[in-house]
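Residues per chain, in single letters:
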Amino acid sequence: MSACGNLCTFRIISDKLFSCRDEVETVIHSEAAFASVSYLRIKTAHLEDKDPACVAPLICPPELDELSEEIFQALRKLHSSAPESTSAPYRHLSDEVAAFPSSSSTPNFARKGDWFSLSNITATTSTSLDSEVESLFASLESTLSSHNLSSERIQHVNLYLRSMADFAQVNAIYKTQFGSAPPSRACIAIGPALWKTAVMEVMGWQRSEKTESDGMETRKALHVQGRSYWAPANIGPYSQSVIVSLFRFTQLLAAQMLI
Amino acid sequence: MLSDSFVNNICRLLSDEIDSYMYQTVGHDAVHLVAEAMGIPLYRHVITGTAVNQASEYGSRLPGASQAQDKGKSKAKDETEDLYELLLQVKKHHPDVEAVSVGAILSNYQRVRVEHVALLPDINMVPLAFLWQRSQRELMDEMIESGLEAIIIKTAGAGLGERDLGKTLAQMRNKFHLLHEKYESHICGEGGEYETLTLDSPLFKRRIKL
Numbered sequence: 001m002s003a004c005g006n007l008c009t010f011r012i013i014s015d016k017l018f019s020c021r022d023e024v025e026t027v028i029h030s031e032a033a034f035a036s037v038s039y040l041r042i043k044t045a046h047l048e049d050k051d052p053a054c055v056a057p058l059i060c061p062p063e064l065d066e067l068s069e070e071i072f073q074a075l076r077k078l079h080s081s082a083p084e085s086t087s088a089p090y091r092h093l094s095d096e097v098a099a100f101p102s103s104s105s106t107p108n109f110a111r112k113g114d115w116f117s118l119s120n121i122t123a124t125t126s127t128s129l130d131s132e133v134e135s136l137f138a139s140l141e142s143t144l145s146s147h148n149l150s151s152e153r154i155q156h157v158n159l160y161l162r163s164m165a166d167f168a169q170v171n172a173i174y175k176t177q178f179g180s181a182p183p184s185r186a187c188i189a190i191g192p193a194l195w196k197t198a199v200m201e202v203m204g205w206q207r208s209e210k211t212e213s214d215g216m217e218t219r220k221a222l223h224v225q226g227r228s229y230w231a232p233a234n235i236g237p238y239s240q241s242v243i244v245s246l247f248r249f250t251q252l253l254a255a256q257m258l259i
Numbered sequence: 001m002l003s004d005s006f007v008n009n010i011c012r013l014l015s016d017e018i019d020s021y022m023y024q025t026v027g028h029d030a031v032h033l034v035a036e037a038m039g040i041p042l043y044r045h046v047i048t049g050t051a052v053n054q055a056s057e058y059g060s061r062l063p064g065a066s067q068a069q070d071k072g073k074s075k076a077k078d079e080t081e082d083l084y085e086l087l088l089q090v091k092k093h094h095p096d097v098e099a100v101s102v103g104a105i106l107s108n109y110q111r112v113r114v115e116h117v118a119l120l121p122d123i124n125m126v127p128l129a130f131l132w133q134r135s136q137r138e139l140m141d142e143m144i145e146s147g148l149e150a151i152i153i154k155t156a157g158a159g160l161g162e163r164d165l166g167k168t169l170a171q172m173r174n175k176f177h178l179l180h181e182k183y184e185s186h187i188c189g190e191g192g193e194y195e196t197l198t199l200d201s202p203l204f205k206r207r208i209k210l
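Respectively, the protein sequence lines represent chains A and B. FYI, this note's numbering numbers position 23 of the first sequence as 23, with every residue one higher than the one before it. FYI, this note's numbering numbers position 135 of the second sequence as 135, with every residue one higher than the one before it.
Worth double-checking, as some hints may not be accurate.
Derived pair list, reagent style BS3-like, types lysine-lysine, alpha-carbon separation capped at 30 Å [as the list claims (entries may be wrong)]:
1. 77/B to 91/B
2. 196/A to 175/A
3. 220/A to 77/B
4. 43/A to 175/B
5. 209/B to 43/A
6. 175/A to 220/A
7. 91/B to 182/B
8. 50/A to 92/B
9. 175/A to 167/B
10. 167/B to 209/B
11. 43/A to 182/B
12. 205/B to 50/A
13. 112/A to 43/A
14. 209/B to 182/B
15. 112/A to 175/A
16. 182/B to 175/A
17. 92/B to 205/B
18. 77/B to 50/A
19. 167/B to 182/B
20. 182/B to 205/B
21. 77/B to 175/A
22. 167/B to 112/A
Keep in mind that the hints were calculated from the coordinates and are not lab data. Given the structure is predicted, the values throughout are model-derived calculations rather than measurements.
Make the full structure from the sequences, and use the hints.
Right, dumping it as structure tokens:
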């Protein structure tokens, strides 16, 4: 800190704040021995010029906190000690999904306990990308309602796209299909092997009636849409994490990727 | 973008001291000075709603239903909708505003509601919540070191009282630590233990003198 900075700090600490005490009024809102509520009502106050040389520069906090820094360093060490491989370390996904079993348009429904899953949800019409995605959600809705379920019960979605180029356009429609705290989601681009532009599978949770207890919060979502140091960036219409079935704690996480 | 967000940052909802889940109301009589000290415009709006929805999430989980557009259905107005009206007013005067800053450190309650309003189609601002989940101990020290001078203007927490009014954060720092150890009070007042008024900060072009 500069000499000037030191002076400023000193001035702030030593400032006589009560020198003009008659210009503020203390109000006791509710008197209590332990934690009373009282506040100052500011009656008169004015602005004063300050010495521009005494303005301390703003300091940015470190990007990573202690624990994250530790993890980062450990990963870095691990990475640098790993033997360099010249061959491609990953297989291309489209080679794998060439063997995708289904090219039919019937969704598969399965239920086990409080959980249900619905896979192979596709559009029945596809005149444009928009109409295809809308049709996909129409198939989802009709399958859900045929099992007496609603989209609110969906907790996690796996979304397969032929191309990531469609990501923004698909998201624009996708987000209108859910309200606040939407399901967590993994979105994967498969490549030309995918038999539709978009294929979806969902995982849902609905407490069976006999175990239902009223007023009990059984679902919690972490949905941070703002920018912060703490939360993983929210680049699509999904919750970063959804916790359901609080007794037998099940946490669903959105797919995270370092970009 | 920074100066844009400050415009919003300075929006305060005007009311006498009331029990609000969302807003600080005490000290509103000096808020205009904060705006003047920073040299940016101030927009105000009177709180007309109350904390109707006190759940951890805000808005319907059903698609397409925003609480703001859904007003006709419920009789009581939630205080979150006051923020919508205020931001709409800001947007009208400054169509180029891109972001809205929320100072929540611990409260999911506040963050979720500001995000909900900021991302409504006719507001469409990026919510910035860079203080969220920061360590309150670290943050308090950073604020003091940066030359931010804020005084306690309301106390409502265990071990705090009238004698603490008017003291600066630097003067209160050790006491906050003590109360944290004793009662698990929040060092940055996130439990509503106290409210402050900022008299000077590195962002102030002039300082407030009481």
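Each hint tested on the structure:
1. 77/B to 91/B: 22 Å, holds
2. 196/A to 175/A: 20 Å, holds
3. 220/A to 77/B: 25 Å, holds
4. 43/A to 175/B: 27 Å, holds
5. 209/B to 43/A: 12 Å, holds
6. 175/A to 220/A: With a Cα-Cα distance of about 19 Å, the restraint between residue 175/A and residue 220/A holds, given a limit of 30 Å.
7. 91/B to 182/B: 45 Å, violated
8. 50/A to 92/B: Roughly 33 Å separates the two Cα atoms, so the pair is violated.
9. 175/A to 167/B: Not OK: residue 175/A and residue 167/B at ~48 Å, beyond 30 Å, violated.
10. 167/B to 209/B: With a Cα-Cα distance of about 14 Å, the restraint between residue 167/B and residue 209/B holds, given a limit of 30 Å.
11. 43/A to 182/B: Outside the cut-off at roughly 35 Å; violated.
12. 205/B to 50/A: 7 Å, holds
13. 112/A to 43/A: 66 Å, violated
14. 209/B to 182/B: 34 Å, violated
15. 112/A to 175/A: Given that 30 Å is the threshold and the Cα spacing comes to 28 Å, the pair holds.
16. 182/B to 175/A: 46 Å, violated
17. 92/B to 205/B: The given pair, whose Cα atoms are some 26 Å apart, holds under the 30 Å limit.
18. 77/B to 50/A: Roughly 43 Å between the alpha carbons, so the hint for residue 77/B and residue 50/A is violated.
19. 167/B to 182/B: 21 Å, holds
20. 182/B to 205/B: 39 Å, violated
21. 77/B to 175/A: 26 Å, holds
22. 167/B to 112/A: Status violated; Cα separation ~60 Å.
In this structure, the hints that do not hold are numbers 7, 8, 9, 11, 13, 14, 16, 18, 20 and 22, in rising order.
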